[in-house]
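Peer 1: So you can see what is in the structure, the chains are spelled out below.
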Amino acid sequence: MSDVNSQRRNFLKTSLGAAAVAIAPGMLLFQVAQGKSDGADAKVRWGMLIDTAQCKPGCNDCVTACNKENGLSGGIAVTDSQWIRKIDLKDISTGREISLPMMCQHCENPPCVDVCPTAASFKRPDGIVLVDKHRCIGCRYCMMACPYKARSFVHEPIHDQNPDVPRGKGTVESCTFCVHRLDEGTQPACAEACPNKAILFGNLNDPESEISKKIHSVASIQIRADLQLNTGVHYQGL
Amino acid sequence: MRLFASLLLCCCFTLAWANDSSAPKPDIGKGGQCVKDPQWMRKNHMHLLKHQRDEAVRKGIRDDQISLKNCIECHASIKDDSVIARDDSFCVACHRYEAVKIDCFECHSGTRKTAWLQRNAK
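Top line first, the protein sequences correspond to chains A and B. Using the working numbering, the letters of the first sequence map in sequence onto residues 1 to 238. Using the working numbering, the letters of the second sequence map in sequence onto residues 239 to 360.
Hints in this document: simulated from the structure, not taken from any laboratory. Beta carbons are placed, not taken as given, at the ideal position from N, Cα and C, and that holds for glycine.
Short derived list, chain B residues pointing at chain A, Cβ under 8 Å:
no., residue
1, ILE299
2, GLU344
3, CYS345
4, HIS346
Take the sequences, apply the hints, and build the full model.
Peer 2: Given below as structure tokens:
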């Protein structure tokens, strides 16, 4: 009896293996023929290095570029969406003033993902933290969990969106690192718009990338590093 | 037997639909067939879109062919570049006839991207 079983098992194993060998190349070819992208690469970790010495107080170009790219109104009322905002800081004892852009920090361990009851908040394999608006129920737990106040809730109906950036009432949204541009191979709008090149965007996992080299050679910090979220956005000269 | 009956029913239903003078006559835009034949698409387009949206949003696997954006590119009206602007627009015509609410365009743009870019170029 046991012999029969093992024979049967072996037969099943071989036939399954043969089937897999026969089907796999076909599947691959099908995907290539369909013009399908491989999707977010788990070996990549997108990140930013923001040089506060190059970020000029009063300059709002990154914010404007973000608003235009993603179709935000540009208003700063509590009910307006803001994906990126400029912050001016002053050290009272020395009088030193700096300015920096603040947006979703794309944490490795994002609190917004932890708290989301519908798994709408998620981290893509390449480290970008996003809201899946198909699942978002607008409870706004993630907004409360975020230490960076990076997320906004859409209060009013939106019309005439950018076809690449769907946005709608009743969902939470935040900086996406311009994921639609990244997937096409271009930089986020803010990094491209900065006149002083204060925003350096790239792959933190690639030792040859400009951002990795710079992070290894200059002093930079992650904001609220004590929370151990391992943010993807690093600040230099803070 | 039951299979035969349901097949017969399906045929009758399709014929009745085809002969119905009040059946929707959507503005198909440029039209043409790119994914599957029209009858298959009428029945199954929502499954394709739903599958594609999860792959695209959550894994970044963007399938150029079965994306909503690509549907709109060909099926938006030539008159107003939209699939939702009028009662006989591509999506609206059938969805209104069947009384099925479409949520897609609460967030997604119903406009052809090339037209949108032209309008918003500064």
